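Asker: Okay, here's what each chain looks like letter by letter:
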Amino acid sequence: MLTYLMKRMLELIPTLFGITLISFFIIHLAPGKPTDIFTELNPKITPEAREKLEKYYGLDKPIIVQYGLWLKRIVRLDFGESFSSDHRPVMEKIWNGRKPLIERRLFVTFMINLLSMVVILIIALPLGIFSATHQNTLYDKIATTAVFVGFAMPTFWLALLLMILLGVDLRWLPISQLRSMNYDSLSVMGKAWDLTRHLILPIFVSAFTGLAADSRFMRSSMLEVIRQDFVTVARAKGLPERTVIYRHAFRNALLPIITLMGLSVGSLIGGSVIFENIFGIPGMGQLFYMSVMTRDYPTVMGILTIGAFLTLTGNLLADIGYMLADPRIRAR
Amino acid sequence: MQRKTLRSLFWERFRRNGLAVVGGIIVMSLFFVAAFAPLLSPYDPDAIDRHHVLEPPDISHPLGTDDLGRDVLSRMIFGSRISLAVGFVAVGIATIIGMILGAVAGYYSGWTDRIIMRFIDIMLSIPTFFLILAVIAFIGSSIWNIMIVIGLTSWMSVSRLVRAEFLSLKEREFVLAARAIGASDLRIIFGHVMINSMAPVLVSAVLGVAGAVLVESALSFLGIGVQPPTPSWGNILSLGKDYIELAWWLSVFPGLAILITVLGYNLLGEGIRDSIDPRLWESERR
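Here the protein sequences line up with chains A and B, keeping their order.
According to full-length UniProt numbering, the first sequence is numbered sequentially starting from 1.
According to full-length UniProt numbering, the second sequence is numbered sequentially starting from 1.
Okay, chain A solo, but in the shape it has when bound:
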């Protein structure tokens, strides 16, 4: 198992290298130079000042050298300085160690994604199992239809509808930001409640598509497992149905779900751009959107790289989880 893990880690190196290569060259797809954003805003800029600016960002060097320099810096997690007016280092914008956790963008995005994964698991697994054990009943048919609608649902539309219904019409839930204006004056419990209320809609929306996918997957995985011989044996030796399903079948049916969860990290992170934008949540997705719109290249490259790194970590964790859950693989 250890050798497998080592091999798996070594394989990550060329992948990581490829990711940095892609993130870097995408930035240079853009017509013109990254510093154009400054010079366009200030038409009176002199050629000398422009040259100085390019030199400052290393843009006068050949592109390969630029890539090398950037690579050398990001190994130390230094993504350079943002092009935006505040000129803060990119890393500080994403993860400011001096601020409380809730004000660090990477943490906010990570927390929401993690919580929505938990929500997906808590709801989707029982739904999927129930669908499988009650195949072709009315419930199964309703669930199957609901899953199809869930797959087709544009999450940003769902977000808008929920905002109109729960936020604008009924005024039950806040529709934007993570905290209320009076957050700082609240008690600890009050703060927790305030945060929870702000998180309900974003988490539900970001979990929604995954909910449909995972319950569907759980259903088909369960259906495959309960047809296998060991389940028949368990039934034949007189175990109660509950034990057969939850002790024997469930564990085996869970294995592909672990892989699916790992693979879904990437789309969850990508989706954060959408829901953070709609709900005005100060996370990494919102920063990415703003950086893309203002052509803040260092920040864009930084977030692309970090996002890819998180996705890879998710896949790796899924592999490890798979090994821990399946003794056949552990033994190898």
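Incorrect hints may appear among the rest.
[Stated by the list, open to error] Restraint ranges, calculated between C-beta atoms of paired labels, are given here:
1. A:L263 <-> B:W111: 40 to 48 Å
2. B:A199 <-> A:M6: 36 to 44 Å
3. A:V168 <-> B:V53: 16 to 24 Å
4. A:L170 <-> B:A199: 47 to 55 Å
5. A:L324 <-> B:N196: 36 to 44 Å
6. B:A177 <-> A:P126: 47 to 55 Å
Calculated directly from the structure, the hints in this document are not laboratory data.
Because the structure is a prediction, the values reported are computed rather than measured.
Every residue gets a Cβ at the ideal spot worked out from N, C-alpha and C, and that includes glycine.
Given chain A's structure and the hints, the job is docking chain B onto it.
Answerer: Chain B alone, transformed into the frame defined by chain A:
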């Protein structure tokens, strides 16, 4: 037993699958609406009417008007063209790239395979929506750029699929026979193996159209996709967000159109999959 052609078996199964037929009808209606958009829309989609701004749905404007007094129904009818075009072109690009890379990886194996698989891993680990967003924002958001970028970032599953098909098909007798009579690699790949792996590719293409429609509408919703005044469902929804407290109809109807379209492609794709899979035929005969 009565002999039936594969095609008639397929149709028989497809027709019996109610959801698949619904999906087919939705997709055909979409084609119809897009093709006859100028005839079907009651107003000019770009006609500005300052006397009827943000009007709720009524008889003269069944789906209301937007902030410039344009008829939402007409704009949605024309918006169907964008959805259709993006879906098909993006998936066409993705399918071609995916088939070629998957075929090469599966047929040649060894180093070629390893390099292509590594490339797929890299592409899969960059959050796709981040990638699309960045590229579109930097190269500009014309409709062609959107279609190409969505295509270039969604071929990975097709190539995995085709590779798996090639791995299982390339040692079969009919391939060995073709090789024995001296057929070239190119001929074996495209003339023999590819033809036999088209069924799953078709299914994944139909499902892929659904995905591309969702991505385009999300981009337009964020203001990076199809640019106004060209109407697209996504950019009408984006207006809906700006007028969320004033005009619910700007949010509800375009979203519903996206939902139904995506649902249609998904149902159609799954229906084709179920009708094509011989394993399911056998289980039914039992």
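Asker: Between V168 (chain A) and V53 (chain B), does the beta-carbon spacing fit 16 to 24 Å?
Answerer: Holds, since V168 (chain A) and V53 (chain B) (Cβ atoms, about 20 Å apart) stay within the stated range.
Asker: Lying within 36 to 44 Å: is that true of the beta-carbon distance L324 (chain A) to N196 (chain B)?
Answerer: Holds: the Cβ-Cβ distance is about 39 Å, inside 36 to 44 Å.
Asker: Does the hinted range 40 to 48 Å hold for L263 (chain A) and W111 (chain B) at CB?
Answerer: Cβ of L263 (chain A) to Cβ of W111 (chain B): about 26 Å, so the range 40 to 48 Å is violated.
Asker: Just tell me: holds or violated, for the beta carbon distance of A199 (chain B) and M6 (chain A) against 36 to 44 Å?
Answerer: holds, 40 Å
Asker: Taking the CB of L170 (chain A) and the CB of A199 (chain B), does the distance hold inside 47 to 55 Å?
Answerer: holds, 49 Å
Asker: That 47 to 55 Å hint for A177 (chain B) and P126 (chain A) (C-beta), does it hold up?
Answerer: Since A177 (chain B) and P126 (chain A) have Cβ atoms about 52 Å apart, the given range 47 to 55 Å holds.
Of the hints listed earlier, the one the structure fails to meet is number 1.
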